[in-house]
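Q: Turn these sequences into a full structure, and let the hints steer you where they fit.
Taken in order, these protein sequences are the chains called X and P. Under my numbering, the first sequence has 34 at position 13, and the numbering climbs by one with no breaks. Under my numbering, the second sequence has 396 at position 62, and the numbering climbs by one with no breaks.
One or more hints might be untrue.
Computed footprint of chain X on chain P, listed as stretches where at least three residues anywhere in the stretch have a Cβ under 8 Å from a Cβ of chain X [stated by the list, open to error]:
1) 362 to 376
2) 397 to 410
3) 418 to 430
4) 433 to 441
Just so you know, the hints here were simulated from the structure itself, not pulled from any lab data. Just so you know, even glycine gets a beta-carbon here, dropped at the ideal spot from N, CA and C.
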Amino acid sequence: AQKVTQAQTEISVVEKEDVTLDCVYETRDTTYYLFWYKQPPSGELVFLIRRNSFDEQNEISGRYSWNFQKSTSSFNFTITASQVVDSAVYFCALSEAGLNFGNEKLTFGTGTRLTIIP
Amino acid sequence: DAGVIQSPRHEVTEMGQEVTLRCKPISGHNSLFWYRQTMMRGLELLIYFNNNVPIDDSGMPEDRFSAKMPNASFSTLKIQPSEPRDSAVYFCASSIYRGHQPQHFGDGTRLSIL
Chain X
22 AQKVTQAQTE ISVVEKEDVT LDCVYETRDT TYYLFWYKQP PSGELVFLIR
72 RNSFDEQNEI SGRYSWNFQK STSSFNFTIT ASQVVDSAVY FCALSEAGLN
122 FGNEKLTFGT GTRLTIIP
Chain P
335 DAGVIQSPRH EVTEMGQEVT LRCKPISGHN SLFWYRQTMM RGLELLIYFN
385 NNVPIDDSGM PEDRFSAKMP NASFSTLKIQ PSEPRDSAVY FCASSIYRGH
435 QPQHFGDGTR LSIL
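A: See below:
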């Protein structure tokens, strides 16, 4: 069964520090997709990134970067030069595409609450 | 472009009452998902529709919960009768089917059952 683990329940860093949020996943599928979502204090869920299992290239988008390593089943998220607006709960999620063909449901991790201290 | 629209944003009702949550997906999206978020259980998928047809309802807690999608632009999640343990934030999300495209979420309905 698919599973996503975000071991860090809460992280606090001082503004401008770099911070990495960990995500470890479990799947027996060879074809799958990984996602990150942000939930700010206002409560909505905002899509950040989608990555398929065949693309291990790291991705950078402004201050955000993602490190996908199949060897360790990890898809970690780094925020560089953190800002107060980055304070939110961040969720990692997994969707299986091979074994569960046609069913595109997401399995979410429990989330990491990130607090940026001014 | 309009995002996923959920109504109501907040609902407070007494135990035993019927509750209906509504969702309008993004135009052109043909997959629709209902999730529930609680402190204890996190984000859970309740039910998932492709092209208005339920594909996976394994997350629906019990017979008190039902969901419908009568057309491509509207879905409802109904709880009857409601219980205090149903208190949660309910999210609707939509996506383009095929290729595991990102799901886009509504702002959620915060439901409190007294």
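Q: So, for every hint listed, does it hold in this structure?
A: Comparing the hints with the structure gives:
Counting residues of the region 362 to 376 of chain P whose beta carbon lies closer than 8 Å to any beta carbon of chain X gives 3, which meets the minimum of three for the stated coverage. For the region 397 to 410 of chain P, the proposed coverage by chain X is not satisfied: 0 residues have a C-beta within less than 8 Å of a C-beta in that chain, short of the threshold of three. Three residues within the 8 Å Cβ limit are the bar, and the region 418 to 430 of chain P against chain X gives 4, so the coverage statement holds. With 8 residues carrying a beta carbon less than 8 Å from a beta carbon of chain X, the region 433 to 441 of chain P meets the three-residue requirement, and the given coverage holds.
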